[in-house]
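Colleague: All chains, full assembly: derive it from the sequences and hints.
If you want the building blocks of each chain, they are given just below.
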Amino acid sequence: MMFRWPSLPVAIALSVVFVALACVPFVLGPYAVKFTTRVVVLAIMVTSLDLLIGITGLVSFGHAAFFALGAYAVYFVSPESLSANALVALAAGAALAALGALVIGVFAMLTRGFYFIMVTLAAGQMVFSMFYDTNIAKGSDGAYVNVKPDLIVGGLTVLDFDNRTQFFYLCLILLATTYAFLLWLVRSRFGRSLQGIRINEQRMRALGYDTYTYRLAVFVIAGAIAGIAGALFASIDGYITPELASWRESGLAIMMVVLGGTGTLYGAVIGAFAYSVLEEILKSASTVGPFISEHWRLWMGLALAVAVLGAPRGLAGLFARKPTAGKASASIDVLHRDFARPARRAQALSTRDLTRYFGGLRAVDGVSLDLKGNLVHAIIGPNGAGKTTFINLLSGELKPNGGRVLIDDIDITGWPPHRVARSGIGRSFQRTNIFPDFSLRENCGLAAEARLPTGAAAERISHALAVAGLRDRADTTAGQLSSGEQRQLEIAMLIASGADLLLLDEPLAGMGPEETQRVVALLRDLARDHTIVLIEHDMDAVFAAADTLTVLVQGRVLAHGAPADVRGNDAVREAYLGEADAA
Amino acid sequence: MDLVLIQILNGLQYGLLIFLAASGLTLVFGILGIINLSHGSFYMLGAYAALTLTEPLGDVFRALAVGIPLAFLFGLAIEWLFIRHLYKRDHLQQVLLTFAMILIFNEVQQTIWGSHPHSIPTPPYLTASIRLTETLSYPVYRLVLTAICVALALAMVIVVQYTRVGRLIRAAESNREMVETLGFDSELLFRFVFATGVALAAAAGIIAAPVESAYPGIGDKVLIISFVVVVIGGIGSIRGAFVGALLIGLADAMGKVFLPSLASVMIYAVMALVLVLRPAGLFGRA
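Chains A and B supply the protein sequences, listed in that same order.
422 is the number that the working numbering gives to position 422 of the first sequence; each next residue is one higher, with no gaps.
163 is the number that the working numbering gives to position 163 of the second sequence; each next residue is one higher, with no gaps.
It is worth saying that the hints were derived from the structure and are not from the lab.
C-beta atoms are modelled at their ideal positions from N, C-alpha and C, and glycine is treated no differently.
So the derived list for chain B, only partly shown, Cβ under 10 Å to chain A, looks like this:
id	residue
1	Leu37
2	Phe82
3	His85
4	Asp90
5	His91
6	Leu92
7	Val95
8	Leu97
9	Met101
10	Val108
11	Leu223
12	Ile224
13	Pro260
14	Ser261
15	Ala269
16	Met271
Modeller: Listed below in structure tokens is the structure:
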């Protein structure tokens, strides 16, 4: 499911909490104000981590490093016995952390999954070692910010971080601002793309998104926010240590995100408060007795273990909206042929001596083909003939060992998948490859927005759903479609993306005869404004749909031409069709 | 030159020790699919077990003989109590629960043994040093320690390569679903693998105790380095863990000679280099 606005009860609860926090200085003593300030600062940092973990799917185990960089930045800009400008201090925190995130991100974004977790963990430890083992900031003893930052405008002190109450309100406002900013960011086009990357990065790349850059950008944004939180943190006690960057702090931040509930943003705030308050309660002997407070870590650990096992979706999961129950698919859609649209010249695709080896195996061996515009080209061949490899070479998923790929006259050989997609090639995968948690409209939205402004995209989405015969199902969750309908959705996404050239890898796999007929009709219709290349095993469908037929055997073109001519070719009959007839 | 030679020996010895911890970690991740942050705690508990067991039993080798089966039983219990609930959960929850386990183990350690470092005696008959060259001598216990690590590593290779359960482990590592489909009791296999990992980490903690002593936080260092080794070697690959551990041991030891202030960064630099060249580790499948 795409990120939604918090439901009304949650919004009300958040407002109440905000007002309650704002009352803390009036009701409770200075210790409570300092404690709350610290938790609010942590909450800012943890919310930025949820942007990575819950929204983009990047489990960063080094987020504390950016927090620490922000804290150290305040030390760097503070003169020995004078105060730094508060705005400069916060900006320095954001800038140093963003720079750190950029340098680390350039490498870390090359990896995924477990390796990403470990690389960010190691990067965090490197930042820790940098401050711990060298003397750039007093080494392992930690450093003091002797005079806390303030802001003086025209002789008037506007902001003084040394004033506890004032500083508390500043932190609270910054938390609210961070939350509002992230709400906006996540619901923006950029944020929707991040959610697409979390669910299915390969598909996003094939749709034309440069996912590496998106991931790097969000990593830097989250790092900068953590840096601001770190700069605030340095101003609470005026004392910072390398431990701020250690893996334990990063682990704590992840713990707070997961405890609160990932992907909601406000869950991170709940997690930060729940964890800190629980810790504070367990530590204070007067409340829980000396036996518990002496061993508070033990009880903390047990409480967390119970929380993980008992509330797998986090504390926010207890309030979250129930996913709207999907309507059972009522009727099979008929193809909406009433959608009149003008024919349009589509691009042509050609290859010259295209070759790809895997070790000693020549999977594609010197293939030269001219696939003219506005036609349906079918590629057939026995298993292992190199059909999918050929498609992967066209779409940029694989790089050829030799030869060229051309769209009209543009040489796209060796381009990365997202760039190929942007130049007009859309592809489907052999295994259905959609965003199952998103609605059909959202699926097509991600496809359309890869290249169009949001306004134009809406129109394109309706058009695509109508052409693919899915108009009545636009708000259904994609995962609820039948497998045949999901293949149709893939085609709709390709239409929405505005691709001219559609590469379809077994679009009819797993379809019943009725669905097959529908998709064949759809393909014939699409050829009016697209060029289609499809791999297919269903021979009847191929002869019904295709304008040209190419037979690949052991990576080489055995025959190419009109279906009737190829059918009459003796070599083909022997090598391929003969076997199929016999079977 | 002698210093370099000593450091090469130290690096190999440290690498072998780390291999014992990392091999368990890589198996648990490769087969059970669990990111186990508490793996370092088992090393720590091993070191403290050596502290407690050495005195009544006489020397550290007897502590090892008693400690390994104890650790195996402890592993079975932990798997049953915590880990088995995580097989169907995502990485995040595994991180969270095993992080909570660290808190619990640390508190247990603090309660029983306190926060001061403790030294564990080297067996009296092994306190000597032997002269390797005219100017170079090396403690005997460290050589014995290295030999034990090699023996344990060999035993593991033999079990994994030539026994029925080893074949099952290798099969599960390459395709877990298939092994389950074939009708093997994966629950039992998982419990065995996890307990073995715990026993190996604890064994490393016990035999290293006379050299490294026992102190709070000793497990953290081992955990991070083991993760680095697993990533370098490729997840799930025991051979990779072996090569990675020796690489890291040597990089760490050489770093201490040539770049003392950046020694701790060296191992991460090695990891970054390996990942840029081979994103799935040296022996990992892409």
